[in-house]
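*Asks:* Residue strings, one per chain:
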Amino acid sequence: MSPCGTETDLLPCGIAKIGKDRNLLNCNRYALDLLACGSVDDIAGRKISELVSVGTQIFLDSYVYPMLLNEGRAEEVQLILKSLAGETKPIVANIRMNADQTTDWAFMTCVNRDQLYTELLGARDTLQAQTRELGRLNARSQERQSNLQAFCQSLSHDFSGPIRRIRQLIELALMDLRKGGIEAPEEFEMLGYALKNSEVLTDLTTGLVGYLVADLAVSHDETVDLEEIISTVLSMREQQDPTKPKVQRTSLPTITGSKAQLLVLFKNLLENAIKYNENDPEITISHSENVAKSRIVIAIKDNGIGMSAESLEKVFDPFTRLNLEGDYKGSGLGLSIVKKMVMNHDGDIWAESTPGTGSTFYVSLPLNPRGHPTRPDSDR
Amino acid sequence: MRNLSLTKEAIIKRNNVTIHGTGSKVMMLAHGFGCDQRMWRFVLPALSERYTLVLFDYVGSGNSDLSSFSVDKYADLNGYAQDAVDIIDAFELKDVTFVGHSVSSMIGLIASIASPGAIAELIMVCPSPCFLNDLPEYEGGFNRSDLEELLSLMDKNYIGWANYLAPLVMGANSSEALIGELSGSFCSTDPVVAKAFAKATFFSDHRSLLPQCSARTLILQSASDSLASVHIGEYIHQHVPDSELKIIEAEGHCLHMTDPEVAARSVIDFAG
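Taken in sequence, the protein lines are chains A and B.
Positions 0 to 379 (numbering that gives the first Met the number 0) are the ones given, in order, by the first sequence.
Positions 0 to 271 (numbering that gives the first Met the number 0) are the ones given, in order, by the second sequence.
The hints are all genuine.
Here are the simulated BS3-like cross-link-like pairs (lysine-lysine), alpha carbons at most 25 Å apart as the crow flies: (1) B/Lys194 with B/Lys12; (2) A/Lys46 with A/Lys88; (3) A/Lys274 with A/Lys243; (4) A/Lys88 with B/Lys194; (5) B/Lys245 with A/Lys46; (6) A/Lys19 with A/Lys46; (7) B/Lys245 with A/Lys19; (8) A/Lys245 with A/Lys300; (9) B/Lys24 with B/Lys7.
Some but not every residue of chain A turned toward chain B, in silico, with C-beta under 7 Å: (10) Asp20; (11) Arg21; (12) Ser48; (13) Gln56; (14) Ile57; (15) Phe58; (16) Tyr64; (17) Pro65; (18) Leu68; (19) Gln77; (20) Tyr116.
Derived contacts from chain B toward chain A, CB cut-off under 10 Å, selection only: (21) Asp35; (22) Arg37; (23) Asn142; (24) Glu147; (25) Lys155; (26) Ile158; (27) Asp224; (28) Cys253; (29) Met256.
Treat the hints as calculated values from the structure; they're not laboratory data.
Every value quoted in this text rests on a predicted model; they were computed, and no experiment measured them.
Built from N, CA and C at the ideal position, the CB exists for glycine as well.
Make the full structure from the sequences, and use the hints.
*Replies:* Have a look at this one:
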């Protein structure tokens with residue numbers, strides 16, 4: 000058996016010829032070096048199964064040879080050689096099968112590639128496990144969400160109904176007392192308190208439903224005209240209470256988001272701005288956009304009673320009513336709902352305030368959160 | 000075991016069933032690893048002269064319908080055996096001669112036991128009922144670590160050959176259906192399926208089924224096959240009641256491809 004020859008010995012890759020019987024016929028110097036062998040004569044005639052790892056041997060028999068027999072060639076096959084000294088060496092090989100079922104091999108070591116592949120597969124397996132875990136958590140979260148939805152329905156229907164009936168009964172009792180001309184100032188006062196407290200209960204129920212609903216998944220892909228949202232909120236407010244606040248504002252752009260949530264968001268913010276100066280509320284709505292025109296910051300400034308620095312820290316916490324509980328209506332949930340909805344839109348919210356002068360709430364929202372093109376006229 | 004939930008057309012599509020030849024005797028050819036029904040093409044001319052041949056691809060191989068793959072169903076060879084029985088039922092066949100290469104020998108064995116009357120003759124080409132050593136009673140040829148190295152090697156090769164992220168797609172999809180085109184090489188076997196198939200094959204032990212085989216059986220073994228040696232053929236022959244063993248002077252695990260004339264002759268001699 001003669002070696003492949005001096006020319007192939009100069010090549011920086013392995014060359015080998017394997018017989019039909021899967022025995023080594025010939026190879027070059029590079030291959031001999033990998034196999035830790037001095038000359039071809041030392042290994043010629045050896046079965047290929049003796050020169051590879053056991054896993055490689057199974058792989059060759061069960062996958063690579065069927066492919067060679069079917070397609071005539073196999074490219075970029077990763078295998079593991081086993082040298083005569085017992086060392087394993089990863090190689091990448093191109094193999095061609097000839098008509099007589101002999102095969103020609105060209106290969107090179109690929110220690111780094113093998114290492115990289117090992118790491119890559121490890122990362123993939125980790126990712127796969129995480130994907131599975133994510134799927135499991137997602138299923139659980141969906142179940143919780145549907146439970147929450149059922150709870151919210153129960154809250155708004157099963158709670159609001161009885162509360163409304165209690166209020167009606169109190170109002171009937173008051174009417175009866177008045178009709179009968181009954182002088183009962185204490186009873187009037189007590190029923191008045193009961194009525195007021197039932198109103199608080201209604202506010203709380205509505206607030207709680209709003210707070211919970213803010214968590215529910217909604218479509219954030221709608222085109223929402225903020226200008227229209229503000230106008231709608233002000234007109235709704237006007238129908239409830241004819242006292243018009245003085246509102247100065249700039250024209251707001253169109254953004255992408257959930258119309259329903261943005262409506263509640265600005266309704267709560269504006270009601271909050273009006274609430275703390277019911278006599279002569281003045282509200283200024285202004286906005287600015289960043290240089291990249293990717294975000295908008297909307298400022299809502301009021302002339303209310305303001306807040307201390309300490310109160311500012313808690314202003315978005317749920318069930319926090321910072322001012323004189325008896326004097327100002329509300330559930331203590333309005334601003335926490337606002338915060339949730341802002342977060343749902345990948346936004347941010349913060350406030351500045353001076354006690355006795357007023358507060359300014361800033362809402363930062365992405366103009367185009369999911370790659371939707373902004374409307375040409377959005378930069379009004 | 001009969002599957003009433005699928006129509007004949009759905010089964011043909013799922014397993015890319017193709018019919019060749021016109022003989023009155025029906026022979027089903029079931030491919031082995033790393034390939035599809037194309038691996039029978041070397042013996043097809045000789046066999047199609049005498050038999051009606053039913054060829055198919057296992058789900059995940061060749062032109063099968065990948066979306067039918069399910070991790071649970073194909074976690075062991077029973078899922079593949081069910082598909083073989085589905086095909087026999089769909090064509091209203093009985094007493095079929097089932098020729099299975101390598102792992103398909105065991106799939107045919109499972110199918111013949113599970114569906115009596117479907118398979119009358121079983122021709123096992125290079126079979127092994129268990130690749131793992133169970134010393135001292137049984138020498139399957141390999142230790143667990145060897146087979147784990149095989150799986151790792153398959154994984155590494157699929158990085159180059161196919162979509163190595165396929166397992167992730169799989170994980171993310173609740174229906175467990177795979178979407179996407181198969182790589183052209185490696186006989187178009189999907190990486191996820193190939194690995195599941197390899198696990199189902201190499202880590203399983205079907206030795207206990209051998210004595211239950213009632214089909215007339217031919218075991219064709221290569222004289223030199225590092226995956227399934229002659230003594231494994233002898234073991235099967237000892238345990239399958241109505242069996243004969245034929246050792247063919249051949250190299251490797253793919254008799255029907257390396258020595259198609261001898262393989263076809265042996266099949267015809269046995270099946271008539």
